[in-house]
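Chains A and B supply the protein sequences, listed in that same order.
If you use my numbering, the first sequence corresponds to residues 240 to 366, in order.
If you use my numbering, the second sequence corresponds to residues 27 to 940, in order.
Simulated from the structure, these hints should not be mistaken for lab results.
Mixed in with the good hints, there may be bad ones.
[To be verified] Computed cross-link-like contacts, DMTMM-like style, restricted to lysine to aspartate or glutamate with a CA-CA straight-line distance of at most 20 Å:
#1 B:857 with B:868
#2 A:287 with B:686
#3 B:67 with A:257
#4 A:312 with A:257
#5 B:857 with B:847
#6 A:313 with B:56
#7 A:312 with B:60
#8 A:312 with B:75
#9 B:731 with B:720
#10 A:313 with B:847
#11 B:67 with A:299
#12 B:67 with A:318
#13 B:604 with B:491
#14 A:287 with B:75
Remember, it's a predicted structure, so these values are computed and weren't measured experimentally.
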Amino acid sequence: MFSHNITAMNSVSNNLRDPIGYLPLSPQDFQVLMLVFDQPLYGYGIVKASTDESGTAVLDLGSLYRIIGRLIKKGLIEDVTAEQADAKRQRRYYRATELGRRVTRAEAVRLRELLESEQAELLWQKP
Amino acid sequence: MAKAVSRNRSGKPGLSGTWIGFLIQSFPADFRHEYGSDMLKAFVDQRDDVVRAHSTLVGPWFLAAITLAASWQVVRAGIAERRSVANRNRQLHRQHRKEPMLATMISDLRYALRGHLRQPGLAVIAILTLALGIGACTAIFSVVNGVLLRPLPYPDSQQLVSIQVNSRIGSTEGFYDLSEPEFLDFGSQISSFSEVAGYSGTAVTMGDSLSSRRIRVMRTTANLFPLLGVNPILGRTFSADEDIPDVPRVVVLSYGMWQTEFGGDANVVGRSIIIASQPVTIIGVMPAGFEFPRPGFDAYSQLQLDRENPWERNNHYLPTIARLTPGISLEQARNEVNVLAARLTEGHPEYYPNRGLAVQLQSFQDSIVGTVKTPLFILLAAVGFVLLTACVNVANLLLARGEARKREIAIRSAIGASGGRLTRQLLTESFLLAGLGGIAGVGVAIVGVDALLAIAPSVLPRLDEIGIDVTVLGFSLAAAIATGLLFGVIPVLHATRQDVQEVLKEGGGARGGVRSGHVLRRALVATQVMLAVVLVTGSGLMLRSVINMYDIDKGFETANILTFRIDPSPSRYDTQPKRVSYYTQLLERMNALPGVRAAAAVQSLPMTGGTNNWSIIIEGRPVANVGEAPADLVQRVTPEYFDALGMTLVRGRLFTHQDDAGSPPVVVISEAMAQKHWPGQEAIGRRMKVFMPDWPWIEIIGIVKDVRHRGPNQEPRPRWYVPHAQAYVSAYSSPLATTIAVRSDSDPTLLMGPIRGLMAEIDGSVPISNVRTMNQILDGAVGGQRFVMTLLTVFGVLALFLAVVGVYGVVSYAVSQRTHEIGLRMALGAKRSNVLAQVMREGLVFSLVGIGAGLIGSFALSRTFESMVFGITPTDPVTYGVVVIVLVIAAAGASLLPARRASRVSPMVALRDE
C-alpha cells in the first residue's frame with residue numbers, strides 16, 4: 240500500500256541530523272534502541288530485557304557493548320548514569336537520545352511499510 | 027545453601043569474573059578503557075542471576091556453562107572489534123596518504139635543493155667527501171663480491187666440493203692432493219658423491235721445431251665436464267672410452283686459445299695440431315668464461331689414468347673435485363668419507379701410519395678463495411671505517427650549518443611545523459647529499475676498481491670476476507642510504523631538540539654557542555681520530571710486515587738473477603743420458619757468456635711452487651714400510667745452482683762437474699735436515715737413499731743454510747739436493763723440464779738476448795717461457811701482503827686527512843665563537859702565548875681522547891691481524907708508539923693554525939664587535 244522508495248529517500252538525505260540518514264538500522268541496533276527508548280537500562284538489564292519467551296537472550300554480552308559503543312558514537316543513545324538514584328550499584332545506564340527516538344520511529348515506519356507492501360502479502364499466503 | 031553460595035559470590039568477580047576480565051583484553055585498548063569494567067559487571071550480574079536461579083547442586087554447572095558461553099562471546103566480539111578498528115584506520119590512512127605525502131616530499135626536496143644552493147661550498151665538500159667514502163667502499167665491495175660472494179659460474183656450484191688428504195707419512199701438516207688409488211676409492215665407494223673427477227695441469231710444447239710455444243693443458247677425467255655442468259660450444263668433450271691409457275690423445279680448446287690461435291674458426295673441430303711432438307685432434311671448444319680451475323689453461327685433454335695399475339698409493343699429485351648427490355649435505359658426505367678413511371687406514375696400515383688417513387672436504391669455492399677471506403674482510407672493514415669517518419665529517423659540517431640555521435628552524439617550529447615534519451625536512455637535505463654523493467661515488471668506484479685490478483696480486487683468485495654489477499650497485503645504494511641516515515640523524519636530533527623560546531629570544535646567530543653543540547662536535551671529531559688511529563695502526567703493522575718479508579734472510583739472493591722455464595722435447599731427449607748431456611752442454615756454454623756470474627738449472631725455484639716430498643731411508647735406521655719412513659723435500663740441481671742463488675755453504679763441499687752418473691752418488695742437505703735426522707751429530711759422511719729398493723746409498727757431502735722456499739714468511743723446511751747429472755742413478759730421474767737461473771753482476775735482463783741465441787744454436791725447438799727476475803718473483807710472493815698494505819695505507823692517510831680537517835674545523839669554529847672572550851682576556855693582560863697554548867690544549871684534549879680510544883680499538887682488533895703480520899706481533903709496541911706520535915703531531919698541527927689566529931686577535935677589534 241505504501242510503496243515509498245526507501246533507497247531514494249536514503250540517498251537524498253545527506254544531513255546526519257535527519258533520521259532517514261541512519262536507516263536502515265541493523266536488527267540488533269534497532270532492538271537495543273527499542274529497549275532503551277523510554278527507560279534507562281544498564282548492560283545486563285538490556286540483555287535481560289532482550290530475553291525472549293523461551294528464556295534465550297537475543298543479545299549476548301560480547302556484542303552488546305559493541306552496539307552500545309556504536310550507538311553512542313552516532314549520538315543515538317547516551318550515558319545517563321548520573322541521573323540514577325541507584326548509584327551504589329555503580330552500573331552505567333543508557334537511554335535513547337531525542338535523535339535516537341526519532342531514528343527508532345523512522346525505522347519502525349520503514350519496517351511497517353515493508354510488511355504492508357504488496358511483496359509482503361506473499362508471506363501471509365498459504366503455500 | 028544456594029542463598030549462602032550466592033551471597034558469598036554476589037557482586038564480586040571471583041574466579042570466573044577474573045577469567046572474563048582477562049579475556050576482555052581481546053578488545054582494543056581504547057574500547058577496554060571505555061567499556062571494559064561495564065562488561066565485567068554485566069557478566070557478574072548475569073552470572074549471579076543464573077547461580078541464584080538454580081540449586082547448589084546444579085548451580086556450579088550452570089556457572090561453568092555461562093562462563094564458557096561468555097568467554098566465547100567476549101573473545102569473538104573482541105576480535106571483531108579489533109578488525110573493525112583496523113579497517114577504519116586503513117581507510118583513513120588511504121584517504122590521507124595519496125596526494126599530501128607526495129606533495130610534501132617534492133616540496134621538501136625543492137626546499138633542500140634551494141638550501142644547498144645557497145651554501146654551495148658546504149654541499150660540494152660534503153658530496154665530494156661522501157663520494158670518496160662511498161666510492162671506496164663500493165670498489166672494495168666489488169672485489170669481495172667477485173671473489174668471495176658470487177657463486178662459481180657452474181650450475182648448482184654450492185654442490186661442488188674439493189677433496190684433500192693427509193696420509194700422516196712424515197710430519198707434513200695441512201692437506202694435499204690425492205693419489206690415484208685414493209681417487210679411485212673415493213670415486214667408487216662414496217654414495218654421497220654423484221661424480222668424482224680428477225685433474226692435473228701441465229705445460230706442453232705446441233707446434234713443430236720451426237715455431238713452437240708452450241701452452242698449458244689441463245688433463246682431466248672424462249666426467250669433469252658433466253660434473254661441472256658445462257657443455258662445449260663446438261664439438262664435444264672426450265668420452266670415458268677415450269680416457270684410458272694408450273688411446274690417441276684428443277684436445278678440447280679453451281675459448282681464448284680458439285680465438286687467438288685459430289681466429290675463432292668455426293671449422294676447427296677435426297683439425298690436428300702438434301702437441302709434445304705428437305699429432306692431436308681437436309674435438310671441441312669450450313665456451314667463453316670457462317676457466318677451470320683457474321684462468322690460464324689453453325686446452326683440456328684426457329688424464330688417461332690406468333685404473334688397472336694405478337700409481338703408488340703415496341704418490342699424491344691429483345687434485346680432486348666431487349659433486350654432492352642431490353639432497354646430501356656436506357656434513358653427511360664428511361661422515362661417510364671419514365668412515366671410508368678409517369677403512370682405508372685399516373686396509374693399508376703401511377701407507378697410513380700414526381693417526382691414519384685424514385680427509386678434508388670443503389666447498390670448492392672455499393678451496394679456491396679460502397685463504398683470501400680474512401684479508402679481504404679486513405679491507406672491507408677498513409674502508410667501512412673510512413666511510414664512517416667521512417660521515418662524521420659531513421655530520422660535523424651539517425651541525426655547524428645547523429647552528430647557523432637555529433633561528434630558521436625555531437621560527438618554523440613556532441608557526442606550526444611538527445617535530446616529524448622538521449625531521450623529514452632535515453633528513454631530506456641529508457639524503458639529497460647522500461644521494462648525490464652515492465651517484466658520484468659510483469664514478470669513483472669505477473675508477474677505483476680499475477686501479478685495484480691494476481695492483482691486485484696474481485695470488486688473488488677470480489680476478490676476472492671482479493666488476494661492477496647489479497649487486498655492487500645495490501650495495502652502493504644501501505651505503506648511500508645508510509650514510510644519509512648516519513650523518514643526517516645527529517644534526518636532526520640536535521636541531522629538533524632545541525628550546526624554541528630560548529632561540530627566538532637570543533636574536534642573531536648562535537654566538538656564545540650552545541654547549542651541547544660543541545660537546546657533540548668534539549665527540550664526533552674524537553670518533554674520527556679514533557677511526558684514523560685504527561686504520562693507521564693497521565697500515566703500520568702491514569708496512570712493517572712487508573719490510574720484514576723483504577729484509578729477512580731467505581737463505582738465497584734475489585738481486586740480479588734472471589730466470590726462465592725451458593721444456594726440451596721428450597721425444598728428442600728420450601733417454602736420461604741425452605737429457606744430462608743437453609744440460610751439461612747448455613750450462614757449460616751459458617756460464618761462459620760474458621756477464622754471467624753463474625747459471626744453473628733446477629726443478630723449481632724458491633717462491634714459485636712446491637717441491638716433491640719423497641720418502642727416504644737413513645742408513646742404520648731400517649723401516650718396515652713406507653708409512654714409517656721419513657719424507658723430505660728434494661731438489662735436483664746443476665752444480666752452479668748454489669752460486670747462482672747466492673746460497674751459503676755451512677760445512678763440507680758443494681757439487682762439482684765430476685759428480686756425474688759414473689761417480690759415487692752424493693747429496694747436499696739443508697741445516698734443518700741435518701738437525702732433523704742427526705741432531706747434535708755430524709751429518710757429513712752419513713748416508714741415505716730413496717725409499718724404493720735397488721737404489722744406491724747416497725753420501726752427504728755438504729750442508730747448506732736453510733732456504734725459505736715457499737715464501738719469505740714461511741719457515742724453512744728440511745731439504746736435500748742431488749746433482750742433476752747423477753739424479754737418474756741416485757734419485758729416480760734427471761728432470762727434463764727445468765727452470766734456469768742466471769746470476770749476473772749487473773742487469774740480468776740484458777743477458778736474455780745472448781741466451782736465446784745460444785739456446786737456438788744448441789736446440790732451436792726448446793721453447794722458453796716465464797722469463798722474470800728473482801726480484802719480480804719475490805714481489806709476487808709478497809704481493810698479497812703488499813696489496814693489503816697499500817690499501818690500508820691509502821685508507822689510513824685518507825682517514826688521517828679527514829680527522830685533521832675535523833680537528834681543524836672544530837678548533838677553528840670554537841675560536842670564531844669566542845673572539846669576544848679572547849679579546850677581553852687579552853685586554854685584561856693575557857699574553858699571546860697563553861692564548862695559543864690554551865687553544866692548542868683544548869684541541870689536543872679531545873684528540874687525545876680519540877687517540878686513546880683508537881689504541882684500545884686497535885688492541886681489540888689485533889687478533890684479526892694475527893695471520894697477516896710477519897716478524898712482529900699484532901700489538902707491536904713500536905708501531906703503536908709511532909702511530910700515537912703521528913696522530914699527536916697531526917692534531918697539534920691542526921690546532922696550531924686556529925690557535926695562532928686566536929693569539930693574533932686584536933683586543934680593540936674584538937671588544938668593539940659587540
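Hint-by-hint comparison with the structure:
For the hint pairing residue 857 of chain B with residue 868 of chain B, the CA-to-CA distance comes to about 17 Å; that is within 20 Å, so the pair holds. Only pairs whose Cα atoms come within 20 Å are accepted, and residue 287 of chain A paired with residue 686 of chain B is rejected, the gap being roughly 122 Å. For the given pair, residue 67 of chain B sits about 35 Å from residue 257 of chain A by alpha-carbon distance, which is inconsistent with the 20 Å threshold. The straight-line distance between the Cα atoms of residue 312 of chain A and residue 257 of chain A is roughly 16 Å, inside the 20 Å bound, and the hint therefore holds.
A threshold of 20 Å between alpha carbons decides the hint, and for residue 857 of chain B with residue 847 of chain B the separation of about 14 Å falls inside it, so the pair holds. Annotation: proposed proximity of residue 313 of chain A to residue 56 of chain B holds, straight-line Cα distance about 17 Å (limit 20 Å). A threshold of 20 Å between alpha carbons decides the hint, and for residue 312 of chain A with residue 60 of chain B the separation of about 12 Å falls inside it, so the pair holds. Restraint check for residue 312 of chain A and residue 75 of chain B: the C-alpha separation of about 30 Å exceeds 20 Å, so the hint is violated.
Our distance criterion of 20 Å between C-alpha atoms is broken by residue 731 of chain B and residue 720 of chain B, whose separation comes to about 31 Å. Straight-line distance between C-alpha atoms of residue 313 of chain A and residue 847 of chain B comes to about 67 Å, which puts the hinted pair past the 20 Å bound. With a CA separation close to 14 Å, the supplied pair residue 67 of chain B and residue 299 of chain A stays within the 20 Å bound. For the hint pairing residue 67 of chain B with residue 318 of chain A, the CA-to-CA distance comes to about 16 Å; that is within 20 Å, so the pair holds.
Annotation: proposed proximity of residue 604 of chain B to residue 491 of chain B is violated, straight-line Cα distance about 45 Å (limit 20 Å). At most 20 Å may separate the alpha-carbon atoms for a hinted pair to count; residue 287 of chain A and residue 75 of chain B meet this at roughly 10 Å.
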